[in-house]
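Guided by the hints, dock chain B onto chain A, whose structure is given.
Top to bottom, those sequences are chains A and B.
In terms of numbering that gives the first Met the number 0, the first sequence is residues 0 to 395.
In terms of numbering that gives the first Met the number 0, the second sequence is residues 0 to 395.
Keep in mind the hints are simulated off the structure, nothing from the lab.
Remember, it's a predicted structure, so these values are computed and weren't measured experimentally.
Same chains, same label: a pair holds when it works inside one copy or across any pair of copies.
The calculated lysine to aspartate or glutamate pairs, modelled on DMTMM-like cross-linking and capped at a C-alpha distance of 25 Å, are:
id, residue 1, residue 2
1, K266, D235
2, K352, D87
3, K320, D135
4, K13, E275
5, K332, D87
6, K352, E138
7, K307, D326
8, K352, D135
9, K352, E48
10, K43, D317
11, K204, D326
12, K332, D49
13, K203, D326
14, K172, E249
15, K173, E186
16, K13, E249
Protein chains: 2
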Amino acid sequence: MKTFGFEIVHNDSKTNARTGIIHTPHGDIQTPAFVPVGTQGTVKSLTPEDLHDLDVRLFFVNTYHMYLRPGLSVISQAGGLHRFMGWDHPLITDSGGFQVFSLGRKRYAKKNENGEGEADLVRINEDGVTFRSHWDGSEHIFTPEVSMLYQWTLGSDIHIAFDDCTEYPISYKKARESMERTHRWAERSLEEHARQWTMSMGSKKPYQALYGSIQGSVYEDLRKESAQFITLLPFDGYAVGGVSVGENKEEMRRVMDWVSPLLPPQKSRHLLGVGEIDDIFALFEHGFDTFDCVQPTRLARMGRVYAKSNKRKIFEVDILKSECAHDFNPIEKDCSCYTCTHFSRAYIHHLFKVRELLGYRLASIHNISFINRLVSEIRLAIGHDSFVALKKEWLS
Amino acid sequence: MKTFGFEIVHNDSKTNARTGIIHTPHGDIQTPAFVPVGTQGTVKSLTPEDLHDLDVRLFFVNTYHMYLRPGLSVISQAGGLHRFMGWDHPLITDSGGFQVFSLGRKRYAKKNENGEGEADLVRINEDGVTFRSHWDGSEHIFTPEVSMLYQWTLGSDIHIAFDDCTEYPISYKKARESMERTHRWAERSLEEHARQWTMSMGSKKPYQALYGSIQGSVYEDLRKESAQFITLLPFDGYAVGGVSVGENKEEMRRVMDWVSPLLPPQKSRHLLGVGEIDDIFALFEHGFDTFDCVQPTRLARMGRVYAKSNKRKIFEVDILKSECAHDFNPIEKDCSCYTCTHFSRAYIHHLFKVRELLGYRLASIHNISFINRLVSEIRLAIGHDSFVALKKEWLS
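Next comes chain A alone, as it looks inside the complex (with noise of 0.2 Å):
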């Protein structure tokens, strides 16, 4: 049986920004919503139950980490990554196409004489990527065959068909090669992922979800023909990637603005891997339901806690600064986090400045807790047709 869907709720009278139900096996995700990332099977610092209370119902783990490590057999072993978690709640797991593309270059990269050489260390044919672990250098390969298998095994509820992720920038000829190769292996994905599905139906394991990938680069006809594309096969939903490599938000709402409207509305829409607080309005107004972003923990790590202040557009404050150091009130004020009803910025300044464990801890609690607020801000002001004027308040 089929136990996933998405329903739309409501959508913005002004935007194309809505508000819906996403239905996995192991419960309803309320959208839109923000999915933090726990790369290596741990959102970092917290527990499940810290997330749970902090009503985060969806969270992102890297097929390509746990494949790595702990590897596969031991998720396999402990019943899925659900159960090796500890995690009831719905997940997300990704093709590992753009760690092996990032990561097993990255890393382990030796020039030869003439300063070349990387490319040789991820080398992608039709069948799929060569690369080496991060870890050990180890030789490995990623084709949508074994990225299905994997993601499977791994048991997330929602899983992102296997992509040829690119470097950025990239000439117009690379990105339509890259993109049709993108294309032949989304149709691999979603055969393997079929068959996979076929053969656990004796099993009792649930139906897992399949997202296409649309790629593209940042040329527009690519870009549509990527959408109309992938739209067309029969995918669970659709995830939009390769934006965030730009690093440039003006390349970003431009993809959003090209992809968005080739969109089938029925299905949910996920945006990987971007989150600033102006993005989140962005991404959400083109009618996105769910994006993932390690921005708001990595930034908790570094001290940098989110604060709604008086200066627009001023949305982070670097708790390590001295003035810190004797302000004994919380990170803000009428949050309701733990850490904010429990401790003050002195306080925190103090873990970071001693290098102390708890600090990233309770930062990455308040990090999450802010964004979570405002994607709920958000989600209400949909229902209410407020949506634009709530980005008018946070943004103008």
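Positioned in the frame of chain A, the structure of chain B alone reads:
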């Protein structure tokens, strides 16, 4: 009003072990009790709520560390250490004597041409100890008077008199000099402590207890003389230090053999900085009521978790060992701690292998739980006059 006191509930019929209650302004402590160490104002990786859930009712903070960072002006402005850390239960602080001696010397040690010079970094005279910050090498001085002032400022429930800590091994002559200095400093500590208490009478600050510190290195006559001298002074309780310095269990036992019979039974006794499993039985057998030790949390952060095994006297599992990678049992099957009721050895092994912060936290929770469960068993056993039997079950 003095709100500190100790009462014996039950004396073991066969040994000097006893159960009791230490009353403090921040609540009662059932003894025997294990006292975790929160060196820098946090028990590493854990929140106050975690500690409370682990039945911790007293923890240890180092005055030296709080004095250097965040500095006492911050603690004072925060309204004391309890409020700064968000901890509503009792606290014990040390005098700083051990840290100024060991940390002030260890770092920033620059030898001169003759290989000497270390001695210059920590200069002891009749007034007090001049030392250098392990953070930045800046020079500071601790005297009995400032140690008392600092501990009043921290507002812990139990203070310790400022003592002269020496290296190990040390000659008899030097040990005697050091002990006699400790005794003079004990009198000065008492005087300053009383002055602080008198001065604070107008405020709402409750009385804060002061323990005397017994020194004398590994020399029988010195330890006995120190115990006799210190217990003649009107301290609220007694702390025995300098026994772990030897890192020699036999010497530690001998010191306890000499000192314990000379301690007035009606006052509470604390053993400083000791706590392997067999030590725990030994110190309670000698009538100590509380002990502090970094071992359970330090081992946890190294991935060494406690587990009672069939092999006698082996209480540690190295979670990083490859045999844990596929072990889906909890650390201990019959442990009811959060870690053991939610996560497998395999998952914790994974967290340590990929150096995830959550691993340190889960292991710390288990190790504190393990020690507290043992201490609780000991407390019950003393109450039923079966302490000796329990010790045999665990150690022989």
